[in-house]
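As given, the protein sequences belong to chains A and B, one line each in that order. Take the first sequence: its position 9, counting from 1, is numbered 9 in the numbering used here, and each next residue is one higher. Take the second sequence: its position 38, counting from 1, is numbered 38 in the numbering used here, and each next residue is one higher.
Since the hints were made in silico from the structure, they are not lab data. The model shown is predicted, which means the values in this text are computed figures rather than measured ones. The beta carbon of each residue, even a glycine, is placed where N, CA and C say it ideally should be. A couple of the hints might just be wrong.
A few chain A residues facing chain B, derived, Cβ under 10 angstroms [unchecked claim]: (1) Gln-209; (2) Gly-230; (3) Gln-234.
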Amino acid sequence: MTDESIITTSDLNLWYHDTHALQSISIAIPRNRVTALIGPSGCGKSTLLRCFNRLNDLIDSVRVTGTIMLSGNNIHEPGTDVVQLRKRIGMVFQKPNPFPKSVYENVAYGPRVHGIKDKVELDRIVEKSLCDAALYDEVRDRLHESALSLSGGQQQRLCIARTLAVEPEVILMDEPCSALDPIATGKIEKLIDNLKQDYTVIIVTHNMQQAARVSDYTGFMYLGKLIECGRTRQIFENPKEDLTENYITGRFG
Amino acid sequence: MSEKFHTELERLKQDTVEMARFARDMLCDSLQALAVQDIDGAKEILSRKKHIRETTIELEERTYQLIALYQPMAKDMRVIACTLKIITSAERIGRYGKDIANMVGFVKDQPEFMQPPPITHMARLVTGMIDDVIRAYETENIRPIENLSKRDDAVDTLWHSVFREMLTFMMENCRTITRGTYDIMVARYLERSGDHACRMAENVHYMVTGERIEIR
């Protein structure tokens with residue numbers, strides 16, 4: 001990879017009890033690019049994604065070895081502020097999970113937690129985040145209605161806006177379109193393409209065509225190992241490893 | 001991706017091989033018909049035009065359908081891409097065969113007709129190239145097409161030599177102009193067919209290795 005990396009892992013291992021879920025993963029995530037992680041169910045791609053913002057810390061019995069560097073700093077360093085880490089590395093989940101509050105409150109929630117009280121400033125952040133998430137035009141007259149009244153695709157873009165509101169550097173997306181219809185999926189994909197101008201995006205997806213469409217780099221994982229990682233075009237046109245070839249041509253998985 | 005896709009892809013490939021061999025036979029048989037002035041044989045070759053056209057459309061549609069339904073990737077995608085190119089080139093080769101068959105009737109009444117030796121040699125070289133490309137595509141083994149560039153150079157040299165030779169004949173004796181022109185056209189069609197063999201070989205190379213090469 002020639003692009004500058006924002007996150008690098010080296011010899012990263014993770015165990016759930018006795019299960020060795022991630023095995024010696026060394027990967028570099030390029031800054032301001034979209035990196036897709038693909039692989040069959042249970043291969044560890046979501047687990048790897050959740051390592052980047054230490055979400056696995058919330059699970060008892062998880063043990064991690066190896067290092068993850070974010071812009072040169074080890075995120076497992078004692079004294080790392082995990083709340084700050086998760087502000088720098090935001091996350092969007094498979095199912096849209098807006099808070100049962102208004103559209104406005106959903107987006108303003110993060111900045112408030114991080115200490116922004118000024119109404120004018122909050123208004124500005126909410127509008128900008130909704131615009132960046134390509135949602136503002138659809139909800140500008142409904143800012144104070146419940147977020148739960150939005151469609152699934154709008155709710156997912158609201159969750160992206162909520163992530164953007166705290167100005168992260170990296171956005172993790174775990175199957176962000178799997179609960180959406182093709183039109184909503186198209187909007188999210190277009191949005192991902194725009195987001196990489198300002199953010200680094202790491203996306204886990206089961207949809208290989210989606211990985212091929214939206215990402216610049218792709219990593220293929222299998223049974224807890226990173227089998228191959230490279231430019232998306234190369235991975236989908238001419239993968240080096242037979243395992244990758246067999247997976248993306250549907251010969252197993 | 002389902003097993004169904006791979007079964008259909010394999011069937012598409014086999015049918016493309018068959019179609020390419022059909023086109024190659026059109027070229028070979030037309031050269032033979034021209035050499036021995038076989039008017040009936042030429043007519044029969046002309047009647048194959050319909051089949052090659054219909055097969056081309058049918059194979060192309062099956063390819064498009066596989067793309068639309070399965071969005072193939074990696075090797076599967078390269079097989080699909082190569083297959084489309086092979087279909088196009090093979091159809092062109094078949095049509096050159098048809099064009100040569102068309103000439104048989106015209107050339108028959110020309111005085112002292114005898115196919116110039118370089119054309120016979122070109123025909124042997126070009127059909128050999130086409131055979132090897134089809135075999136490489138069928139077996140996914142690039143060995144038979146590794147020296148195609150050299151063989152195409154020989155074809156080009158022969159084409160230039162036929163061109164010069166015919167031009168000399170025609171300048172010396174204007175009664176040979178009709179015959180000479182047809183011979184130049186036949187040589188040109190063979191040179192073009194050799195070129196199509198090279199294009200097909202480039203695509204087979206890409207299909208097998210994933211790397212693009214240029215065969216000059």
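Hint check results:
| no. | hint | result |
| --- | --- | --- |
| 1 | Gln-209 | 5 angstroms, holds |
| 2 | Gly-230 | 12 angstroms, violated |
| 3 | Gln-234 | 9 angstroms, holds |
Hint 2 from the list above is the single one not met by this structure.
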